[in-house]
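Join the two chains into one complex using the hints; note that each chain is given alone, in its own frame.
Read top to bottom, the protein sequences are chains V and B.
When we follow numbering that gives the first Met the number 0, the leftmost residue of the first sequence carries the number 0, and every step to the right adds one.
When we follow numbering that gives the first Met the number 0, the leftmost residue of the second sequence carries the number 0, and every step to the right adds one.
Everything labelled a hint here was simulated from the structure, so no lab data went into it.
Since the structure is predicted, the reported quantities are computational estimates derived from the model, not experimental observations.
Warning: the hint list may mix true and false statements.
[As the list claims (entries may be wrong)] Derived SDA-like pairs: lysine to any residue, alpha-carbon spacing no greater than 20 angstroms straight-line:
(1) V:LYS42 / B:ILE25
(2) V:LYS42 / B:VAL24
(3) B:LYS251 / B:VAL88
[Unchecked claim] Pair ranges (Cβ atoms, derived):
(4) B:LEU505 / V:MET1: 35 to 43 angstroms
(5) V:ARG32 / B:LEU395: 28 to 36 angstroms
(6) V:GLU50 / B:LEU395: 18 to 26 angstroms
(7) V:THR9 / B:ALA406: 43 to 51 angstroms
(8) B:ARG288 / V:GLU50: 19 to 27 angstroms
(9) B:GLU320 / V:ARG32: 14 to 22 angstroms
Even glycine gets a Cβ: it sits at the ideal position worked out from N, Cα and C.
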Amino acid sequence: MMQLWMTLWTILLVVSCGTFLGMMVLVGRGAVRELRETLSELKEDTREAREHPEILDQEI
Amino acid sequence: MNLYQTNFTQVDSVIVVVYLLGSLVIGIWANRYVGNLSDYLVAGRTLRIRLALASMTGTEFGLVTFMYMSELGFLQQFAALYLGVLEGVAVLTVGLTGFLVYRLRQTEVMTVPEYYQRRFSPGVRVVGGTMMVLSGVLNMGLFLKAGSQFITAISGLQDEMYLKWIMTGLLLLVLFYTVLGGMVSVVITDLIQFFVLGVGMVVVTGFVVYNIGLDGFQHVVTQYAGCYDPTDSVNRSATLLPAATQQGIGYKTIFQMAAIIGSASLLWPPMASRTLAVQSSEVAQRLYRFSPIPLLARNVIPIIWGIAAYYYFATNDGFREALSAALADESVQTWSAMPLYLSKVIPTGCIGLVTAGMVAAFMSTHDSYLLCWSGVITQDILGPLFGPFSQRTRILITRIGILAIGAVLLTWGLWYELSSNLWNYMAVTGTVYLAGALPVVAGGLYWKRASTAGAYFALLGGLTGLLAMDPSIAMLKKLGLTVSGADITLLAFAVSAGGFVAGSLLWPNRKATPGRDETTN
Numbered sequence: 000m001m002q003l004w005m006t007l008w009t010i011l012l013v014v015s016c017g018t019f020l021g022m023m024v025l026v027g028r029g030a031v032r033e034l035r036e037t038l039s040e041l042k043e044d045t046r047e048a049r050e051h052p053e054i055l056d057q058e059i
Numbered sequence: 000m001n002l003y004q005t006n007f008t009q010v011d012s013v014i015v016v017v018y019l020l021g022s023l024v025i026g027i028w029a030n031r032y033v034g035n036l037s038d039y040l041v042a043g044r045t046l047r048i049r050l051a052l053a054s055m056t057g058t059e060f061g062l063v064t065f066m067y068m069s070e071l072g073f074l075q076q077f078a079a080l081y082l083g084v085l086e087g088v089a090v091l092t093v094g095l096t097g098f099l100v101y102r103l104r105q106t107e108v109m110t111v112p113e114y115y116q117r118r119f120s121p122g123v124r125v126v127g128g129t130m131m132v133l134s135g136v137l138n139m140g141l142f143l144k145a146g147s148q149f150i151t152a153i154s155g156l157q158d159e160m161y162l163k164w165i166m167t168g169l170l171l172l173v174l175f176y177t178v179l180g181g182m183v184s185v186v187i188t189d190l191i192q193f194f195v196l197g198v199g200m201v202v203v204t205g206f207v208v209y210n211i212g213l214d215g216f217q218h219v220v221t222q223y224a225g226c227y228d229p230t231d232s233v234n235r236s237a238t239l240l241p242a243a244t245q246q247g248i249g250y251k252t253i254f255q256m257a258a259i260i261g262s263a264s265l266l267w268p269p270m271a272s273r274t275l276a277v278q279s280s281e282v283a284q285r286l287y288r289f290s291p292i293p294l295l296a297r298n299v300i301p302i303i304w305g306i307a308a309y310y311y312f313a314t315n316d317g318f319r320e321a322l323s324a325a326l327a328d329e330s331v332q333t334w335s336a337m338p339l340y341l342s343k344v345i346p347t348g349c350i351g352l353v354t355a356g357m358v359a360a361f362m363s364t365h366d367s368y369l370l371c372w373s374g375v376i377t378q379d380i381l382g383p384l385f386g387p388f389s390q391r392t393r394i395l396i397t398r399i400g401i402l403a404i405g406a407v408l409l410t411w412g413l414w415y416e417l418s419s420n421l422w423n424y425m426a427v428t429g430t431v432y433l434a435g436a437l438p439v440v441a442g443g444l445y446w447k448r449a450s451t452a453g454a455y456f457a458l459l460g461g462l463t464g465l466l467a468m469d470p471s472i473a474m475l476k477k478l479g480l481t482v483s484g485a486d487i488t489l490l491a492f493a494v495s496a497g498g499f500v501a502g503s504l505l506w507p508n509r510k511a512t513p514g515r516d517e518t519t520n
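With the rest of the complex left out, here is chain B (with noise of 0.2 angstroms):
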């Protein structure tokens, strides 16, 4: 049986293309609308709730979200769902209490590193851009990867060849209308994603439900050994797909997952970005009170297409055979099961619009990643070490450094192996900076003796979280260290805040900070 067999046709293509002309056209226009430095890296701060809102959610529902979401979905079946438990339960938190994200918004300060050097000094503004931008452009590494192989498994293409120029294809479009536009483009560009990939979704999603049915759900755990119980250890489902690995969830991940978590809701720069974005501190606490809607959907509906690919493979032995097959000589990885689901289930016609849908959210996810890391290479790296610049030069350096992290993400894409979940991916390259940025804005923030020398050690403590990365993880147990990435991902919150209580106890601030944040009481 053929693996790759699709319901795409010509017809759908032609929607897809004609949805990326449009965007192209988008970007050129948005240009007329950057008058400033403030223009281009936060749309000079106009934004209202409901604006932020659609704007976050584009940038939010990446389609890498979909890849790793559905590929958890497929490996652990219901027990992924409590990802998106914590989310919402730490976005609504923080929207009920204003915690960190109404005082940071109060500082007026357009990136978060803006604010080291206004709490502590220009060396930490350099350092934790510095720790941002590495972890952030790692994060973002396998982005590409992950949606050109979504194009290619959900419209039938086997050739190696066909992934590398879509990945580059893709990037290209990217590129150019950022590069134009900034933040202004990003934000006009997101909105209309965020209807076209609002409409891919109900389509989606109500095909799936039509395909499975509500009974198809229930059998996936009381016939398919699907998993529900994310305290359970074991995977169940890996009996019947030999793809799935023994260890299930349990505790030590969701404690894992808790920081990672509950600091990237607060603190992941393009998340932060639209937060200082936003007109005042209290749209910054109303953004974060409605968040749980948008963050918890972005979870909770990939991992039902993900559940619905596990229940179609598990219950059709032909394609079953073929995927394990294909999984087993690596020609398809398991993040790839969704789409080549999808391919199956969803009619010609409506399979194009699913397909611009998930291209939207690959580019309003890649626009706003692109900028925020940018801005901070230009605003709190480059401009504290050789600045002054004038504002003309910030914006070609900011557009200067989205052509060159488009180069790095190209390049890593296409050599870089995963040999663990995407999702464990993700979450250990943004420990790199998570785990020192936490400790040091809150406690910048709300504790009176935070120090410099504290927020050096915090910083520089998220490095730890490199060593979770796989080919570091193949390194310590070739030494003899057989440690998993949730030890040292939890190891590196440790040291950070550790390191950051530690520093500011023993090298505590000589004297009051030059513009230190009024905010810190």
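This is chain V alone, in the form it adopts within the complex (with noise of 0.2 angstroms):
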């Protein structure tokens, strides 16, 4: 039984160390590109922000 359950552990640490490794570079990559393209879509609601300041005044 101690053989099954220390199997069954040691596929798991190998498997979450290993996909976690793999996602980290995948994830990473991809990530900051990302980033850029959230920030210059931001960016545009701060525009229109700073030409119609009204906007945040009006009730919600």
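Structure representation (structure tokens):
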């Protein structure tokens, strides 16, 4: 029984560490580009807020 | 033997301070990207899959997570890994089926209580928001203390005053950049923290495996009475370390954790806020399909560190005696075993990087949680009660809310004394919200007869979970009622679900609720 549990836990440890490393590389590369895109979209909002400050004062 | 012997030097302090100052600068810089309320609360709903995943990873890998998971690894060894399995399976199931999250994102709400109003009534929103904030702030209550104890243990600072000053300093730093930049600041810092934390985790895991060796992990079970079977209700390792209780995990605890982790993976507010901040329902479901990877790692990796700490103290007589003495006089708690171990095996320079990674984990969780709860106070409690407010006023209230929650956290962290393990505290406080939210949201989305009365019963039923907190259990014991936290947690879920069904059947809604969600089919 102990052997069975330890095999299961070893597989879990290896899989979780390996997939996490892979995810870090994949996510890390694309995430910086996506952050730039997000910031440029947010810049549109800030420009709009500067040009129409009255929108921020409308009650919602 | 000095338990606080450490490899942490001034070089490491400099690394940590530089990192903290960098975060501060980014927080100030992010403020320029906040144009309106949506930008402040959900980053304008502009997050794409990778950025959302990095941000969610940053949030879910809190320093408190490392502390409670490594504490479980230290106390229950391999058997504690069942939590990773439960979370991985729960999140993957949601990712594959889209259960709940797909429809919830389709409603275009910014917070979960906003959904309560659409589906039920403004009153349900206020009650639901209040329960969420109560549960969330209690849940966060020991984050500061756990984070500060990590830093004091790893850096060898023993004075109680250091603990208090570190708690205050860390909190002020997070408050500063979160108040200024909102979700924009949170996402940018989360991404940086994702990298710093990731490198720190790889470094620590490498040193830990090198230090005890693969044979050492095997010996934990074969020679040092380590637990490996979560269904076993006896903790064998208690014979070696008196800090561990005799009681093992067992089936009842597994059911308790399945209920909590299953509902938290769907509706825990910081996680749900990422779901609601992504571009579309499809992205929300994809986020869940990939999330089991980081979520599994956040359980498994700290547990490995905890198991290594167990092995280190079990095989080193001098340090084991010093630790046992410190645990007996309560100058140290079991959650400090992992940082005390790391402080001895990770070399100077690397330990600074690791500490910066852990401080990153601390901040990335705090900022998201602070923003989430104060957003709920503004949008779901004060807005419906005293609104309407302008966007400008709402941002101001949210900022004040962040500061107020910060003050509560500092007070609670200094005052509350934990008598069970840290994970139990997190699970029990989370139950107060989760037990009520699960039937209300799931029932609201999938059951036509779900009614406002049922929603009230379910949400208030979650309060039963407060009885599972340590002081309540002690009080019940004095009254002659011996119950465990697991019993009460399961009772809270049953009371809420039962109350929801009974309330909906006995007091159905008389007419269609205005603004009722169109996805309810």
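Okay, the hints, checked on the actual structure:
{"no.": "1", "hint": "V:LYS42 / B:ILE25", "in the structure": "holds (16 angstroms)"}
{"no.": "2", "hint": "V:LYS42 / B:VAL24", "in the structure": "holds (19 angstroms)"}
{"no.": "3", "hint": "B:LYS251 / B:VAL88", "in the structure": "holds (19 angstroms)"}
{"no.": "4", "hint": "B:LEU505 / V:MET1: 35 to 43 angstroms", "in the structure": "violated (52 angstroms)"}
{"no.": "5", "hint": "V:ARG32 / B:LEU395: 28 to 36 angstroms", "in the structure": "holds (34 angstroms)"}
{"no.": "6", "hint": "V:GLU50 / B:LEU395: 18 to 26 angstroms", "in the structure": "holds (21 angstroms)"}
{"no.": "7", "hint": "V:THR9 / B:ALA406: 43 to 51 angstroms", "in the structure": "holds (46 angstroms)"}
{"no.": "8", "hint": "B:ARG288 / V:GLU50: 19 to 27 angstroms", "in the structure": "violated (40 angstroms)"}
{"no.": "9", "hint": "B:GLU320 / V:ARG32: 14 to 22 angstroms", "in the structure": "violated (54 angstroms)"}
Hint check: violations occur at hints 4, 8, 9; the rest are consistent with the structure.
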